[in-house]
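Chemist: Chain by chain, the residues run as shown.
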Amino acid sequence: MALRAISALTADPDSAKKPLKNKSFTFSVQLVDVKASDPKDRNLEWSLAAGNDLVFSAGGKTVTRTRKIGATAVDVTLNETISGTGGDAASFRVTLRELPSNDLAVCFVKLEG
Amino acid sequence: MLWQWQLVSLVRGVFRRWSSRCAVLTLSVAIALLGAPIVAAGAPQGGAAAPQDTAPAGDGAVPPLTGPQPQRDTLTAADEAPGSRDVRVSFTQNFISDRLPFDVPFNVTGSVVTSVKRLELSVYQVRSNVDLARLISDLQRTVNCVGQQPQGRLVSQSAATPSDTGAFSLFVNALDPQYYYAFCFVGVSPVPGADFNDDVRRILASLIPRLDNGGDITNAMLADVRSAMSGKIAEIGEGRPVRATIPPGNLFDPARPTDPRFGPLATALTDPFVNMEIQQRGHTNSVNEFVADVADARSGGSVRFTSELNAALTGVNRTLPTRASAVTGTASFDSAGFRFEDAKAALDNAVKAAAAGSEELKVLNGLVNDLQEVINAAQTYGLHYDRMHNATAALINFVALEARVVTVTLGSSVLSADLARSAYVSMDAGIAYPWRLESMVFYAGTNIYFRPINKAAPLRYKGTFLHRFALTVGITTTVKDDSRRAQDLRNTEDNDTSNSLLLGAGIRVTPSLRVGGGVLVFKESDANPLIDQTSVAVTPYVSFTADVDVANLFRSLF
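Heads up: the protein sequence lines correspond to chains B and F, in order. In terms of my numbering, the first sequence is numbered consecutively and its last residue is 100. In terms of my numbering, the second sequence is numbered consecutively and its last residue is 545.
If we strip away everything but chain B, and leave its shape as in the complex, we get:
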């Protein structure tokens, strides 16, 4: 049984000005596990790349959420704030994976300035 993303992972907004000060983002994606007989809890981790100083509101590089997902596609969203200068990044990378290690989708948020 495997969870899969069946849409692109999108960020709203898809760009922001440096530096980020508790900048609010909404990340959305459709997930499904066609072989699951019943919806079940999935541990989803959203992570920021290690090469910059951006962090989520709790101060970490990752946030984890649990969502119940089965054979019917589910819209999964994450509302989070991000802070940091962004360093030399022109676009920062956000990766969604199902723990422990199944990468589902990636998106890039453009940084201006």
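FYI, nobody ran anything at the bench for these hints, they're computed from the structure.
Below, computed lysine-lysine pairings styled on BS3-like, alpha-carbon distance capped at 25 Å:
no., chain 1, residue 1, chain 2, residue 2
1, B, Lys22, F, Lys349
2, B, Lys27, F, Lys349
3, B, Lys5, B, Lys48
Computed far set for chain B versus chain F, every beta-carbon distance over 12 Å:
no., residue
4, Asp(-1)
5, Pro6
6, Asn30
7, Glu32
8, Gly46
9, Gly47
10, Thr64
11, Glu67
Since this is a predicted model, take the numbers as computed values, not measurements. Note that beta-carbon positions come from the ideal geometry of N, C-alpha and C, so glycine has one too.
Let chain B serve as the given structure and place chain F on it in line with the hints.
Modeler: Chain F in isolation, oriented as in the chain B frame:
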């Protein structure tokens, strides 16, 4: 009115003599003294309209010098009314027929083929130490008529967009007289995208992986990829039969280290590129699982594999198109081809045929889910494939090359012998105040310049010392001063006029007015009335005069 009559009489007298002896002598001496380059004046002349032509030659070969026809060289048409006359250029002749105006700006005009969308002009002054052939050769090896500092002095640059019919008019700064000039034209024509898009797509496909290092897209990565693309695109232009370059201001203009437009375009490419890898991995796993489950079903014997079902399932392990093909290809993802409708229908039929609650139905339902996972993975891959394909098209739109055809033609501001005389020498008339004599005198004189003078050129614009300064040789009206016993130096045979000599120099303060000074040469009788002898004496003078338009004066006098 008296002074006007005196002046006219004086001028008439002067011209009568000059027509026979003085003028020829004076002017010959003056020109000899100045060392005017009149020998060169016969060189670049022309007058017959040159056929206006086609595009500049593009093969880089130096065309043979084509000899224009002799021209009527007058100041009035070419120089005296700035902007009133354009200099026609024909690319079929590499010597401009008309003498170039000097000291005033002007336009060169002509026509090019309509595919030329921009025409650039660089004008080089060719000094005596410049090897002309080498200069032409150097310029024709460039793509912008500048290259690496060709010989000659760059004196004018301009650019224009030809009209729909190919007619153009290009501005040229005021040029110095008595020089040859190399006119270097660059005809700029856009290269059709179809000529290079395939190559650019291949280049892009090879460079995108550099933007995925597992982390962010950094500015350094963008600069690296943009620079690499710029270099490769420039190489494409270099390799064309007619050299082409990336237009200034283009996204890949190598003159600029970065371009803010590139980041979003590169991100739009990298995002699907990274996601396609994830989806491809998922697709591979799903296909492997499907194939394994089908194999298990076969070996288990619970499912009846009809020939129809076998045929339908065979195509499910179809390979996805590569990520690179989303960039290099021109087609979108074959979404229908990866929906596996036949396999789905065959499995659905098998499910319907299977007995309820049977092992066969359970296995078949598992295969249906396996297939759906394969389809989901393929379709999601296709979603990103099309995103990448569209992002590629958006970026390709920014890629441009311009073919640059360089053509060099020569022009000359060297004056013809006749014109040189009137350009170096002018007449003026006015009043002089001799320092130690009782009265002022009227005089007419010849001004000898050390460079050709175009009186139409404003002194404020072209007003160097040599534009203003001239030596003056003049002849005065009657000099009488009883207190100094002054007499005319020379009387005419019929005694209707009499003259003394005036030698000096002057400065033009306006295009036609001059102040001057020098010495007045006159005869002086001896102070002893018993001695009937005269001697030549001089006295300083200051003068205020107006330049005389020789041509108009002649017309009015004769």
